[in-house]
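*Asks:* If you want the building blocks of each chain, they are given just below.
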Amino acid sequence: MGLTARLLRAGAARPRLLLVAPPGTRPQRLAVERLARQSGWPAADGPADGDVLVLCGPAPPAWQPVLDELWRDMAAPRTRVELTAATEALPALRAARAGLADVARQRREAALASRGEPARRDLPMADVADDRDGLRLDQLHVTLGPVLPAWPHGLRLRVALQGDVLQSADVDVLDGPPPLPGGGAAYDVIPTAAARLDGLARLLTVAGWPDAAAGAARARDAVLAADPSAPAAVARLARRLRRSRLLAAMTAGLGVLAPEAAARYGLTGPVRRAAAAGGDVRARWRQWLVDAEEALAGGEHAAAGDDDPAGLLDVLPGLVTGLDLAAARLVVASLDPDLSALAPHPVPAS
Amino acid sequence: MQATAWSPLVLLAVLAALALAAACLDAVLAARAAGSPAAPAVVAPLRDGARLLVAQRRTTLAPDALLWRAGGGGLLVAAALATAVVPFGDRVVQDTGVGVVWFNAFDVLIWGLVWLTGWGPNSVLALAGGYRFLALALSYELPLMFALTSPAIAAGSLRVGDVVGAQSGLWFVVQMPVAFAVYLLAVFGFSLSGPFAQPVAADLGGGVAAELGGVDRLLFQAGRYALLAAGAAFAVPLFLGGDHGPLLPGWLWSVVKTVAVLAALVALRRRVPLLRGERFTPVGWVVLLPAAVAQALLTSVIAVARA
Chain A
1 MGLTARLLRA
11 GAARPRLLLV
21 APPGTRPQRL
31 AVERLARQSG
41 WPAADGPADG
51 DVLVLCGPAP
61 PAWQPVLDEL
71 WRDMAAPRTR
81 VELTAATEAL
91 PALRAARAGL
101 ADVARQRREA
111 ALASRGEPAR
121 RDLPMADVAD
131 DRDGLRLDQL
141 HVTLGPVLPA
151 WPHGLRLRVA
161 LQGDVLQSAD
171 VDVLDGPPPL
181 PGGGAAYDVI
191 PTAAARLDGL
201 ARLLTVAGWP
211 DAAAGAARAR
221 DAVLAADPSA
231 PAAVARLARR
241 LRRSRLLAAM
251 TAGLGVLAPE
261 AAARYGLTGP
271 VRRAAAAGGD
281 VRARWRQWLV
291 DAEEALAGGE
301 HAAAGDDDPA
311 GLLDVLPGLV
321 TGLDLAAARL
331 VVASLDPDLS
341 ALAPHPVPAS
Chain B
351 MQATAWSPLV
361 LLAVLAALAL
371 AAACLDAVLA
381 ARAAGSPAAP
391 AVVAPLRDGA
401 RLLVAQRRTT
411 LAPDALLWRA
421 GGGGLLVAAA
431 LATAVVPFGD
441 RVVQDTGVGV
451 VWFNAFDVLI
461 WGLVWLTGWG
471 PNSVLALAGG
481 YRFLALALSY
491 ELPLMFALTS
501 PAIAAGSLRV
511 GDVVGAQSGL
521 WFVVQMPVAF
531 AVYLLAVFGF
541 SLSGPFAQPV
551 AADLGGGVAA
561 ELGGVDRLLF
571 QAGRYALLAA
581 GAAFAVPLFL
591 GGDHGPLLPG
601 WLWSVVKTVA
611 VLAALVALRR
621 RVPLLRGERF
631 TPVGWVVLLP
641 AAVAQALLTS
651 VIAVARA
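Protein chains in written order, with our numbering: chain A, 1 to 350; chain B, 351 to 657.
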């Protein structure tokens, strides 16, 4: 066995997964995330960092260009797998590992891969616009999404950036797969506690606290598996988050949504309830904790009810305009719109 | 204190071993948090290294290639050169009379290196990571400079060996705890880790590292761990009495203390979320900087009173 084969095999035992989860594929995503976490396989930050493109599918046509771009941006060794049901997660990840360790195949991939060139994330020429302090500064037009770590996949935020401050923001959504016959989005529904913990895991990833995010993911998976340890895991997480003065300080005052506005946009879930307690990102993650605790304690209906995702998307641009990228990402994560529950709508051609 | 010249190759080996140990410890702690088995995590950094060694290098459309590669690879060089003035026992590679300033010079060089890594690939996410770093660096660098000044004032010398010699009675960490705390915070800062990892954070798809692939990513990530190790190693002569200690030989005390500081840094940084530049900047300028200046002032008064 040559040196290349040895190195390939050593690396393939710990691949980085670039997960793509169009709306409506939450069961597949959760299955892959749980297996990856238990095997110690890290998530890729982006295509440059990924070895395996994991598509929770089947991919709707609107996603093909997105997938092509991600795949082109990945350098060899690389492989891609697709799973159409949560039960396919284990064989898919095994196949990915085998594909990465296959020397002949990776030599072919290396010949095909464009090594990121020409990347499409190039900067368009900057133009100039007034900034909030009355200066004239360079302005870049950038699309955030539809695939970013801990991001509601499918959401696209078209922003004008000055430095890293969002001067304006527009929202649209790439559609997910068509609803299953007769099922609507029902196949995507998970227990309230698990949904809130899933939101927390993503928010904590965006907040840059991997250990707490892992704790939230473990609690989520325990709830999904109906594990008797779930309430204890949630209590541990809640204690940790509520004690963190730093997390509170970093999320306070961001993306404030007043109760009247929440009512006007027709929100009825945790975002609406959090609006009564300050309405910022901090109030929203605290509300998620309360929801998860109540749902586990048997008060499922008190904590149930999600916010209308269409209302959340209407609220979003106003909340993130004027924030920097980090704060805007926290706001998006704290709204956590469930895009699979959106009524199907045409994707604007771009 | 008379220093013996030491082979740079040995120093590089020590630095590499420390950086690798830190990466392994970090992987084990991450595995424990995620509930995955710890045994495979011990070799996880080696596996990551293997996959990056065989991976293709990446490029982007119209990159500033020279500056980009120089920035990413430069972190390791900066870490190695900064460590050159750190004595292990009575051995040191570069026994210069301005050792404290020497170390400071290389931590300032990191500004340029990180910015170039963000600027080079012609990519929005990487560039925004560069902006983030500058905002954070503006807030930790001045407090760090004053924190470095305090031990030098107390020792009356910028030579690292003299700073160690001045601690034969009392370690400086006792005399100047604020400077020590500010220094450790800044170590997170210049190694882009823990609460200061915002420039390479996942929310920006990896920030300044967003477009790095293959060996370029390997050098960059190794550089970050090497800087963390260099920061831990320099804390020992500066604040923790260098090679002073009973029974064990001096060089071993240096190594033991360095490993302890490094392990504490790796463990501590997992306990907190990221500091966002927007929120940290006021703290850096309104709290840390005056605190570090007050510490230097207090140290100066004590030094003058003693003289």
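A few of these clues could be false.
Which residues of chain B face chain A? A few of them, derived with a C-beta cut under 8 Å, are [as the list claims (entries may be wrong)]:
1) Ala381
2) Ala383
3) Ala560
4) Val622
Honestly, the hints are just simulated from the structure, not real lab data.
Quick reminder that beta carbons are idealized off the backbone N, C-alpha and C, glycines included.
*Asks:* Flag every earlier hint the structure violates by its number, smallest first.
*Replies:* Per hint list: zero violations.
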